[in-house]
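Undergrad: The primary structure of each chain is shown beneath.
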Amino acid sequence: MTNPTDLPEDTLARRSRYTAVVTLFGALLTLSALVYASLELIDLTQQIDAKRAEMQRLQHEAQIGQRTIDALEARIDDLERTETGVLEFLAQVTRGEQIEILDPTVDWSRIKAELIEMPASTRKQALLIALLYAWKEIPFELGGRTLGGGFDSPRFLQRVLSDVGVKFDTSPGERLSDAMMSQLSGTTSPRPGDLVFFRGQVGSFGFILLSTGDDQAPRVGVGTLQEIAPLQVISLSNINTPEFPRIGYFRVDYPGD
Amino acid sequence: MASDLEQRLHAVERITELFRFERMVYLCVTVLSFLVILGSGICVLIRDGPTAPVLLPFFGSSGLITYSTGRLLRMWDEALKRIVPDPGSEA
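Each protein sequence line maps, in turn, to chains U and H. For the first sequence, the working numbering begins at 1 and goes up steadily by one. For the second sequence, the working numbering begins at 258 and goes up steadily by one.
Hint data in this document are derived by calculation from the structure and do not stem from the laboratory. Misleading hints may appear alongside valid ones.
[Stated by the list, open to error] One-sided excerpt, in silico: chain H residues whose CB lies under 10 Å from chain U: (1) R277; (2) E279; (3) R280; (4) V282; (5) Y283; (6) V286; (7) A309; (8) P310; (9) G317; (10) G320; (11) Y324.
[What the hints assert, rightly or not] Straight-line alpha carbon distances no greater than 25 Å define the calculated SDA-like cross-link-like pairs of lysine to any residue that follow: (12) U:K51 to H:L312; (13) H:K338 to U:R17; (14) U:K51 to H:A309; (15) H:K338 to U:L12; (16) U:K51 to H:R304; (17) H:K338 to U:R15; (18) U:K51 to H:V301; (19) U:K51 to H:T308; (20) H:K338 to U:T11; (21) U:K51 to H:I303; (22) U:K51 to H:C300; (23) U:K51 to H:P307; (24) H:K338 to U:L7; (25) H:K338 to U:Y18; (26) H:K338 to U:D10; (27) U:K51 to H:P310; (28) U:K51 to H:G306; (29) H:K338 to U:R14; (30) H:K338 to U:E9; (31) H:K338 to U:A13.
Yeah, the Cβ is synthetic: ideal placement off N, Cα and C, and Gly gets one too.
Isolated chain U (complex conformation) (with noise of 0.2 Å):
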């Protein structure tokens, strides 16, 4: 339009023609883009309000998770305040009264704090249970197997592993100690709730490990020797003599170990 009149009329409606062309052209592009930028955005937002209501939900089910974890901790508070309240009354009740089931040497706070470390499992289970076995003062009975008959060094074990599901079987004529050692592979490293054998004036005895101990504690284990010294907690030192050889340690695979 400037000073159309100084130009010939088919420069101005050529001119004009282009100009119309390229604003329409331009005209529809910037439309094309804003609807469809203003789609995108639509599918955008939803997206993200998807997400959000998603976030949302998995927020929640994290608080209820958290407060499942706070209960199960206060669960698991609870139980090992049960624990060391059974474990403390059974040291309580053996010490300086009649029943005796702790050897002198024990150390039985070591003993006591070692239990407590030890992750739950079917093994800590069998040791509990020699532990209480031991408190309730069974006599020693040569092949007694029985609470109330009492129980010899092999059946007592016997017993304890039966009661976590551990199970063996006996030939007829076999000893059962001779049985229970070739079921199981011997170890030089012991764990916690292994047995260990020695060899006696009749067949073998053995017990279940207590504690595998180290340079400055000795080992301890749950069992029964003879008649003068009833089930109880001993130290394995004061057993290894050459009147009872130690046989070895023998690993026990406890289910679900």
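Since chain U is already given, all that's left is putting chain H on it; use the hints.
TA: The following block gives chain H in isolation, referenced to the frame of chain U:
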């Protein structure tokens, strides 16, 4: 004097005829933009308020209307200048 005015009017009619297609294009762009604005307004009313996806075509179309209307007004201004020339101009 009358003959001069007639000549000017004739010139304006001639120029208007030359730029008809361009004017039609501007008019179409304006109508299209207006329709988009109208659609955006309806969306604002029936949906959940003035959100970014709705306001984007709203303001974009208003810009297009401003441009096309400006071009039309400039044509109108040029035509008026042909009919009633500025006293200080050479034309």
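Undergrad: Each hint should be assessed against the structure and marked as holding or not.
TA: Status of the hints after comparison with the structure:
Interface restraint check for R277 of chain H: the shortest CB-CB distance to chain U comes to about 9 Å, inside 10 Å, so the restraint holds. For E279 of chain H, the suggested interface contact is upheld, since its CB lies about 4 Å from the closest CB of chain U, less than 10 Å. Using the Cβ-Cβ criterion of 10 Å, the hint placing R280 of chain H at the interface with chain U is satisfied: the shortest such distance is roughly 8 Å. Annotation: interface hint on V282 of chain H holds; nearest CB of chain U at approximately 4 Å, less than 10 Å.
With a least beta-carbon distance of about 7 Å to chain U, the hint placing Y283 of chain H at the interface is held under the 10 Å criterion. Using the Cβ-Cβ criterion of 10 Å, the hint placing V286 of chain H at the interface with chain U is satisfied: the shortest such distance is roughly 4 Å. Interface restraint check for A309 of chain H: the shortest CB-CB distance to chain U comes to about 6 Å, inside 10 Å, so the restraint holds. Given the 10 Å rule on beta carbons, the hint for P310 of chain H holds: about 4 Å separates it from the nearest Cβ of chain U.
For the restraint placing G317 of chain H at the interface with chain U, the shortest Cβ-Cβ distance is roughly 4 Å, inside the 10 Å limit, so the hint holds. Annotation: G320 of chain H was flagged as interfacial toward chain U, and the flag holds, the nearest CB pair being 8 Å apart, inside 10 Å. At a threshold of 10 Å, the smallest CB-CB gap from Y324 of chain H to chain U is about 8 Å, leaving the interface hint in force. Using a Cα cut-off of 25 Å, the hinted pair K51 of chain U and L312 of chain H holds, with the two alpha carbons roughly 23 Å apart.
Distance restraint check for K338 of chain H and R17 of chain U: the Cα-Cα separation of roughly 22 Å lies within the 25 Å cut-off, and the hinted pair is therefore satisfied. A hinted pair counts as satisfied when its Cα atoms are at most 25 Å apart, and K51 of chain U with A309 of chain H qualifies at roughly 18 Å. Under the criterion of a C-alpha separation no larger than 25 Å, the hint pairing K338 of chain H with L12 of chain U is consistent with the structure, at around 18 Å. A threshold of 25 Å between alpha carbons decides the hint, and for K51 of chain U with R304 of chain H the separation of about 20 Å falls inside it, so the pair holds.
The suggested pairing of K338 of chain H with R15 of chain U holds, with an alpha-carbon distance near 21 Å, which does not exceed 25 Å. Our distance criterion of 25 Å between C-alpha atoms is met by K51 of chain U and V301 of chain H, whose separation comes to about 24 Å. Note on K51 of chain U and T308 of chain H: the hinted pairing holds, with a Cα-Cα distance of about 18 Å set against a maximum of 25 Å. Simply put, K338 of chain H and T11 of chain U have alpha-carbon atoms about 21 Å apart, close enough for the 25 Å limit, and the pair holds.
The straight-line distance between the Cα atoms of K51 of chain U and I303 of chain H is roughly 24 Å, inside the 25 Å bound, and the hint therefore holds. As the CA atoms of K51 of chain U and C300 of chain H are separated by approximately 24 Å, the hinted pair is consistent with the 25 Å bound. At most 25 Å may separate the alpha-carbon atoms for a hinted pair to count; K51 of chain U and P307 of chain H meet this at roughly 21 Å. This hinted pair checks out: K338 of chain H and L7 of chain U have alpha carbons roughly 17 Å apart, not beyond 25 Å.
Note on K338 of chain H and Y18 of chain U: the hinted pairing holds, with a Cα-Cα distance of about 24 Å set against a maximum of 25 Å. With a C-alpha separation of about 22 Å, the suggested pairing of K338 of chain H with D10 of chain U holds against the 25 Å cut-off. Proposed proximity of K51 of chain U and P310 of chain H is supported: the alpha carbons are some 18 Å apart, at most 25 Å. For the hint pairing K51 of chain U with G306 of chain H, the CA-to-CA distance comes to about 21 Å; that is within 25 Å, so the pair holds.
Distance hint between K338 of chain H and R14 of chain U is fulfilled; the C-alpha atoms sit about 22 Å from each other, no more than 25 Å. This hinted pair checks out: K338 of chain H and E9 of chain U have alpha carbons roughly 18 Å apart, not beyond 25 Å. Of the pairs offered as hints, the one joining K338 of chain H and A13 of chain U holds, with about 20 Å between alpha carbons and a cut-off of 25 Å not exceeded.
When each numbered hint is compared with the structure, no violation occurs for any of them.
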